[in-house]
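Q: For reference, the chains in residue letters:
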Amino acid sequence: MSGFGKEFTKGLWREIPPFRLVLGLCPTLAVTKAADNGLGMGLAVIFVLVLSNMAISAIRNLIPNKVRIACFIVVAASLVVMVELIMQAYAYPLYQKLGIFVPLIVVNCIILGRAEAFAARNGVIDSMADGLGIGLGYTVSLTFLGGLRETFGAGTLFGQAVMPAGYQPLGFMVEAPGAFICLGLLLGLMNLVSRLQGRKSPASVSELPAQCRACGSCYRS
Amino acid sequence: MSGPLFTVSAPPHWHSGRLSRQIFWESILALSPVLVMAVIGYGLPAVRVLALAGAAAVVVEAVCERLQGRELDVDNGHALLTGLVFACLLPAAAPWWLVLVGVGVAIGVGKHVFGGLGTSPVVPALLGYAVCQISWPGLLRYDFVQLDSLFSWPLADLKYYGRAAAEAHGYADLLLGRQLGGLGACQAGAALAGGLFLVARGIVPWRIPVFFLAGLAASAFAYQLAYPDLAADPLFHLLAGSTLFAAFFLAPEMACAPAGRAAMAGYGLLAGVLVMIIRAYGVWPEGTTFAILLANLTTPLWDRIRPRAFGKGRA
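Residue numbers (our numbering), protein chains in the order written: chain Z, 1 to 221; chain H, 1001 to 1315.
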């Protein structure tokens, strides 16, 4: 069971997808104009990721190595079509807002990345834990980023006004360049937090890239 | 025999005597005619915006450097210059929080995120201005927020009321800053005077402003040939709005403009043509800000045009 917990929790901070693995950035940047869009997208990815990880892990010994990518895509595509139809039936406004990014979950790097890196080598239970953890991390990241952008860019959070009256929304944040800047600042913040937590310097200077050796401002101090 | 045979001090071995501090303070000196004309033209509100932006820029720079554990170098004047240039683009009626947000973005995101002085890919002041312009377009419309002025915004006149309204502005009036616009950016004559000082001092390479203005004038002329009853003449485009200010104080920003001779010419031409394209086809009457931001992004490409190495034979 400790294996299950370990695989589950790694997706929440240590390998949190958009910020640590820097995977799945296309929807991260595109659909996070509002917190509920981010949440909806994240839930769709959890559904696809958990089921595709389980399915691929279950048939991993049957898939010929040479055509494995095609097999992964077929599995993911079937699941995405299911999500799409469910969304059209029960959450049509959300489906309209997410638009093309729902079918594009098929080619989301996270789905393929976890299939290739984890599910194709591990058992069904572990793969499920991995998919659940990574998917949850992705959802949390997207909701957080969407909430941040919505709060500053529109003055609302999940559609409710949160900023004081008279706040002039920073409309830049809900535009495309705001997504890049916001994501960049969050990545920097995560690195800062990790560094404050760990505070460990690299084992030796020779491991650093050449242009870093001369400067060293990031690990001395 | 003891001791080293041959000792060499750390480079640079031969210093030209130019200091970044001197460059930026001279740029501020060159900006002073613009500031004086702005204060004469817009009075106390202009002083308010300029002082707030300048002070905020220095404070934000100091805070950023302290957070990074760097040596404070606000005395080199670059932060103050950036703050003042940013303020020059704003209407004199800009609210205080807009000034603070713009300066924070300009210095924090435009300069320090990329590593401080000399590393910014786009002109920091323009980045701050662009963020404000996208976020609060109404508050940066000079003709919406500056209602108690005797003047009108020539570029908006051209866009909404046609060529005749634009040509009602005399060239002398435009040159003397008797037009509505950014509080310093519309002081065309003062910007020209300061810019010529910068060129004479060798701080601004002459190619960038000259080719910027040439590109704008040539494309304005072409547009006039194509649409004789819609377009204003090239001289109007050179004097109206922030053209001259942009040519001397924005486009040649050292960190963001290319360095080679041909590269500077191409960069200036591109920015000038983009200004005219945005003015003619864009939704916003003024085009200098986004034109220069876009041209900044092409700088790494222009820098691939390498000068011939010293000593290599002429082919």
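None of these hints come from the bench; they were simulated from the model.
Any given hint could turn out to be false.
As the list claims (entries may be wrong) - Partial selection, computed: residues in chain Z whose CB lies under 7 Å from chain H:
1. Phe8
2. Pro164
3. Gln168
4. Leu170
5. Glu175
Note that the Cβ used here is the ideal one computed from N, Cα and C, for glycine as well.
Q: It remains to establish, for every hint, whether it holds in the given structure.
A: So, going through the hints one by one against the coordinates:
no.	hint	verdict
1	Phe8	violated (34 Å)
2	Pro164	violated (12 Å)
3	Gln168	holds (6 Å)
4	Leu170	holds (5 Å)
5	Glu175	holds (6 Å)
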